Each structure stands twice: as structure tokens, then as C-alpha cells.
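J.: Let the sequences and hints guide you as you build the complete structure.
2 protein chains.
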Amino acid sequence: MTQTHLSIVALAGGVGGAKFAHGLAQLLSPEELTIIVNTGDDFEHFGLSISPDLDTVCYTLAGLANPETGWGRAGETWQAMDNLRQLGAPDWFALGDRDLATHLERTRRLKEGQRLTEITRHFCAAWGVKHPVLPMSDDPVRTMVDTAEYGELPFQEYFVKHRCEPRVRGFRFEGIESARPTLEVRAALARADAVLLCPSNPWVSIDPILRIISPLPLGDPLTGAGGPGVRVALSPIIGGKTVKGPAAKMFAELGIPPSALAVAEHYRGLLTGFVLDRVDAALAASIQAMNIQTLVTDTLMPTPAERKRLAEETLRFVLSLLPAPS
Amino acid sequence: MTQTHLSIVALAGGVGGAKFAHGLAQLLSPEELTIIVNTGDDFEHFGLSISPDLDTVCYTLAGLANPETGWGRAGETWQAMDNLRQLGAPDWFALGDRDLATHLERTRRLKEGQRLTEITRHFCAAWGVKHPVLPMSDDPVRTMVDTAEYGELPFQEYFVKHRCEPRVRGFRFEGIESARPTLEVRAALARADAVLLCPSNPWVSIDPILRIISPLPLGDPLTGAGGPGVRVALSPIIGGKTVKGPAAKMFAELGIPPSALAVAEHYRGLLTGFVLDRVDAALAASIQAMNIQTLVTDTLMPTPAERKRLAEETLRFVLSLLPAPS
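The listed protein sequences correspond, in order, to chains V and X.
Take my numbering: the last position of the first sequence gets the number 347, and nothing is skipped along the way.
Take my numbering: the last position of the second sequence gets the number 347, and nothing is skipped along the way.
Calculated from the structure, these hints are not laboratory results.
Take these hints with a grain of salt, some might be off.
If chains are identical, the list can't say which one is meant, so a pair holds when it fits in one copy or spans any two.
Calculated pairs, SDA-like style, for lysine to any residue (alpha carbon to alpha carbon, straight line, at most 25 Å) [said to hold, decoys possible]: (1) Lys182 to Gly68; (2) Lys182 to Gly96; (3) Lys270 to Ala302; (4) Lys151 to Leu316.
Values in this document were obtained by computation on a predicted structure and should not be read as measured data.
T.: Written out as C-alpha cells, the structure is:
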């Protein structure tokens with residue numbers, strides 16, 4: 022890319038968001054790209070403070086992620102986990118030996134009083150991640166999934182322990198009323214030309230971030246005045262299904278037929294642009310009817326090259342939506 | 022051993038105590054032997070609750086201990102530690118991947134409200150340790166070492182981080198006033214024929230246990246009435262030196278020439294018997310003059326067979342001190 026002075030903020034959850042952020046990071050400089058990550062998935066386990074989405078994004082950007090799973094570390098070993106099982110410990114959340122170091126040091130630094138933002142910056146420096154990766158808040162937010170079978174479940178119990186099987190009735194973001202966006206998040210949004218909503222789960226990955234930053238001025242959608250005027254989402258739903266994770270299932274259980282159109286409607290009023298897959302091309306007209314510009318392309322990212330290709334097409338689309346320099 | 026109905030309680034710290042306890046465990050049934058372990062070394066690190074002496078004793082009895090070091094796990098791997106170092110985390114306390122499982126599950130169970138005694142029993146069952154291993158208390162006690170260079174240091178910082186180099190001025194056992202012996206500890210002592218003080222550090226391994234159990238009746242040293250009448254210590258000091266650890270250095274820094282005699286004097290008023298090494302045979306007369314019977318033998322335990330041999334000789338000595346059946 023040759024665009025200078027472009028300032029992009031990407032909002033990301035776990036695997037899908039991390040892949041697209043990695044695509045952007047191959048094209049934009051650290052000055053041009055900031056990634057704001059959901060921390061509603063964070064939880065405490067065995068006394069450790071675990072931030073699954075932050076870790077997935079950082080490991081992916083650092084080239085440390087397990088390419089098979091999209092989460093966790095490449096070349097991981099499982100000595101601790103095997104010995105936990107021998108002790109009859111809960112083993113539903115995978116704790117790799119390398120990954121454990123991240124949780125241990127995060128926990129230690131949090132107990133020392135460091136902010137999650139500072140800790141993440143330190144980790145990124147150690148791992149060679151040059152683009153700013155910002156937790157959405159330094160204040161704890163905990164996504165609770167209301168289910169038909171178990172009532173409210175902490176997100177990781179719904180997601181990992183119960184493998185997304187319970188029927189979803191709604192969501193609650195514990196702590197969100199008092200959680201504030203950090204100074205770093207505010208500053209990144211204030212200078213952003215465009216905000217990109219990565220192809221992450223709208224309900225449990227992007228919504229918590231939007232709730233956190235919603236008091237911030239998002240600017241005039243026509244002129245961009247007062248904030249990033251270009252807001253583009255990428256659909257995590259392709260042909261009515263999600264590549265990974267429960268987004269489509271959640272839409273269906275909440276009574277909304279899952280589709281790229283449903284995603285666009287979910288973000289209605291916020292978006293100026295929307296990226297959807299070729300298989301959903303027929304939905305583009307309905308989305309345009311909501312006054313949202315569309316880009317129809319291949320949105321699957323099976324390889325790092327595909328991440329970069331999708332990011333490049335999305336950035337060209339973003340440029341087309343930016344107001345002409347005055 | 023063919024003695025039935027013998028009931029022995031061994032008080033143990035880390036490596037030296039664990040080795041001797043392992044010798045006893047090769048000779049006595051789980052009904053005949055209970056091991057009470059110092060928890061003054063316990064500390065919190067990276068948010069984990071770590072009990073070094075308990076782990077050393079349990080790993081040793083389970084055959085899981087690293088035979089080279091005497092502490093930690095055999096066949097240990099260090100993925101977490103290597104990755105902690107990459108994050109610039111403090112690395113002065115070795116956290117092996119297998120060992121981490123113990124700390125993680127202990128921490129989880131403590132947070133659930135389980136007693137350290139129950140947790141240790143559960144771990145022993147999982148590891149195949151049949152002899153009861155009891156923490157001296159379920160209440161936290163934290164050994165603080167007063168040093169000339171740094172003032173008070175938590176024990177592990179003195180012991181591991183500063184490698185016992187600071188000059189010792191004294192000790193404080195934080196929490197010892199309110200810490201109570203457990204019901205399990207009380208019951209074991211109530212039925213014990215003899216209490217053995219393992220060749221552990223008198224100042225920081227055995228003294229905290231004695232402080233915890235000191236309100237308990239220790240019985241008449243002549244008749245055994247009212248408690249275990251036979252109290253035998255094994256000297257951790259051989260020829261003025263310790264095999265491992267800072268006991269001799271501590272005696273010297275506190276103005277007491279380190280020797281087996283100094284150890285016996287340290288426990289004066291408590292002991293009915295004392296086991297010392299052949300190289301210290303000349304001190305036996307002075308110890309006997311304190312009305313303490315002596316056993317002079319080889320007290321080094323370089324091999325498991327030597328642990329068993331020393332335990333067997335010590336048990337014969339104990340039997341000789343027991344009052345004749347009435």
C-alpha cells in the first residue's frame with residue numbers, strides 16, 4: 022500500500038479477528054494501524070488472569086500462533102495439563118506450557134498494579150509485535166451468556182466447557198457500565214480515519230468493544246467530522262454459516278435467520294461500509310438499501326496470503342469511502 | 022521391621038527431611054508413620070500458592086522427585102520458564118512444567134475453600150503416596166529471615182533469590198501466633214509413640230513445626246505418659262557442615278559454632294534421643310550429659326538404600342528408648 026497518513030482502528034475478537042488484523046498488519050505500518058481487542062472473554066482460572074482474545078491476536082501477529090487451531094501457541098507442549106489431569110483438575114480449558122507463561126506473567130503484573138494495556142504493550146515488545154494492540158479497557162468486563170439449559174454462564178464456560186451447545190437467550194456484559202475505554206483507545210479512535218469491525222462474533226466479540234467506546238464521538242457518517250467517519254464491518258457469516266465459532270447459531274437462537282444481512286442489520290446506524298462474501302452477493306442490494314456501501318469479495322482467509330489479500334481489498338474499499346481531501 | 026503397633030510422627034522440612042521420611046516409609050506402614058511438614062516456606066508467586074517443603078516430601082515419597090537436585094520433578098521440562106524469561110519475568114524460582122500443575126491445582130482448590138491438609142491428601146492419593154503427609158497447619162505461616170543486608174526477607178527470597186548469602190540476624194514466623202495445628206496433626210501426635218525430628222534445618226524447618234505443636238502435651242520424657250515420650254532428632258550438621266542448605270551458616274551467623282552439639286542444645290529440654298554422625302562421635306558424651314541418649318552412625322543418605330539403613334538404625338534406637346510394655 023502506498024497510502025500515507027491513513028489511520029485505521031480495527032476492532033477484533035479471537036481467531037477471525039486476529040487473522041484479519043494480521044492481514045492489515047502486513048500492509049499498514051504501526052503508525053497506521055491500531056487493534057482494539059475484546060476483553061469480555063477474560064476470566065480467572067487456577068488463580069490466573071487469562072485474556073484469550075488478546076492472546077490470540079498477539080500470538081497471531083507475532084507468528085507464534087498454532088496454525089492448526091488459530092489459537093494457542095505453535096509447537097506447544099502439555100506437561101502441565103497432563104499433570105493437572107493426573108490430579109483430577111478441571112481440564113476443559115487448554116493450558117499449554119508456553120501459553121502458561123503468558124498467563125503467569127500477566128497475573129503477576131496485574132497483582133503488581135500494572136494496567137492490562139501496559140502489560141500487553143510489554144508482551145508485544147517481547148514477542149516482536151510492532152502494531153499497537155490495545156485491550157478495550159483496563160477495567161474488567163465479563164461476558165455472561167444467558168442459556169436455556171444452565172441460566173447464565175461465564176463466557177468461557179459457555180464457549181469451551183459447554184462447546185457452545187447451550188441455547189442462547191441473551192448476553193450480559195458484567196462491569197460494562199463502569200468500565201471505561203483507556204486513554205490509548207480514546208487517542209487511537211480520535212485520530213482514526215476509519216474503524217474496521219473485523220469478521221468476529223458481533224454478539225460477544227464486537228458488541229462489548231462497541232459498548233465500551235460508544236460514549237466516544239463516532240463522527241458524522243457523511244463528513245467524518247468529529248471522529249472516524251468511515252466504519253466498515255466484515256461479515257463473519259458466509260452463506261448463513263460461520264467459519265468458526267457460534268455467531269450463526271447465536272443469531273438463529275435469538276430468532277434472527279443468520280446471514281450477512283443480519284450482521285449488517287445488527288450494526289445498523291453505525292456502518293458506512295460492509296464487506297460480504299461472493300456467495301452472499303444477492304444480499305448486497307438489501308444492505309445498500311440501509312445506506313451502507315458494500316464490497317463483495319472472497320472473505321475466507323485459509324492462508325496468510327488470503328488474509329493480506331482481503332485486507333488489501335478492504336483498505337481500497339475504505340479509501341473509496343473516505344471523503345476527498347479538502 | 023517386625024514391630025507392630027509402633028506409631029511414629031516425623032517432623033520434616035525439605036530435601037533432608039524428605040530423604041529420611043522416605044527411609045522411614047520403606048520400613049513402616051501408613052498406619053505406623055505420619056509425616057508433619059513445615060509450611061513456613063510457603064509463598065505466593067505469580068498468583069500461585071506454592072508449598073516447597075510439602076512438594077519435596079510428596080514428590081520424594083512418590084518417587085517423582087528429581088534425583089539430582091532432591092527437589093522438583095524428575096524428567097521436568099521448562100517451556101513455561103523459558104517463555105517467562107522471554108517476557109522478562111522474575112526467574113529466580115524454578116517453575117517446571119510438571120511442577121506447575123501442582124501449584125495450579127493447589128491454588129484452585131485453596132480458592133475453592135479446601136484446606137491445605139485435604140488438598141495434600143488428594144495429591145498424595147493421585148501420586149500413590151500411602152503414608153499420611155500433613156501440613157503443620159492449614160493456617161498460613163510465613164517464615165521471615167532478618168538479614169544484615171536487606172532487613173527482613175520472605176524465606177524463599179532469602180533461600181532461592183539471594184541463595185542464602187545474606188547474613189542472618191534472626192527469624193520471625195508471621196502468623197504463627199494464630200496458626201493452629203490441624204485436627205489431623207493433633208490426632209497423629211496423640212497416638213504417637215515417638216516423634217522424630219528429621220535432619221532438617223532446626224531454625225527454619227523444624228522450629229516452625231515445634232512452635233505450632235508446642236501447646237500440645239509432649240508427655241513425660243521419662244514415662245511417655247501424656248504424649249509421645251520418645252523424641253529423637255537427627256543432626257543435619259555433620260562435621261560442622263550441612264549436607265545441603267544454610268543451617269550451619271545460620272548457627273555461625275547467630276554466634277553459635279555449628280556442630281551436632283549445637284543442634285542438640287538447640288532442642289534442649291525436648292529430646293530424649295539424638296542421632297549424630299561418626300565424624301562427630303567425640304560430641305556424644307557432651308550430648309549424653311544433657312540427659313539425651315545418643316546413636317552414633319553414618320548419617321549421610323546419598324542413596325535410597327542409605328535412607329532406609331539410617332531409618333532402620335534410628336527406629337531400633339527409638340525402640341530402645343521406649344518404656345518397656347507394662
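J.: At most 25 Å between alpha carbons: which applies to Lys182 and Gly96, within, between, both or neither?
T.: Within one copy, since 24 Å is at most 25 Å while 31 Å is not.
J.: For Lys182 vs Gly68, is the C-alpha pair at or below 25 Å within one copy, between two copies, both, or neither?
T.: both (18 Å within a copy, 23 Å between copies)
J.: Tell me, please, which holds for Lys151 and Leu316 at an alpha-carbon limit of 25 Å: within, between, both or neither?
T.: neither (29 Å within a copy, 68 Å between copies)
J.: Between Lys270 and Ala302, at a C-alpha cutoff of 25 Å, which is it: within one copy, between copies, both, or neither?
T.: Within one copy only: 21 Å inside, 80 Å across.
The structure fails to meet hint 4 from the earlier list, while all remaining hints are met.
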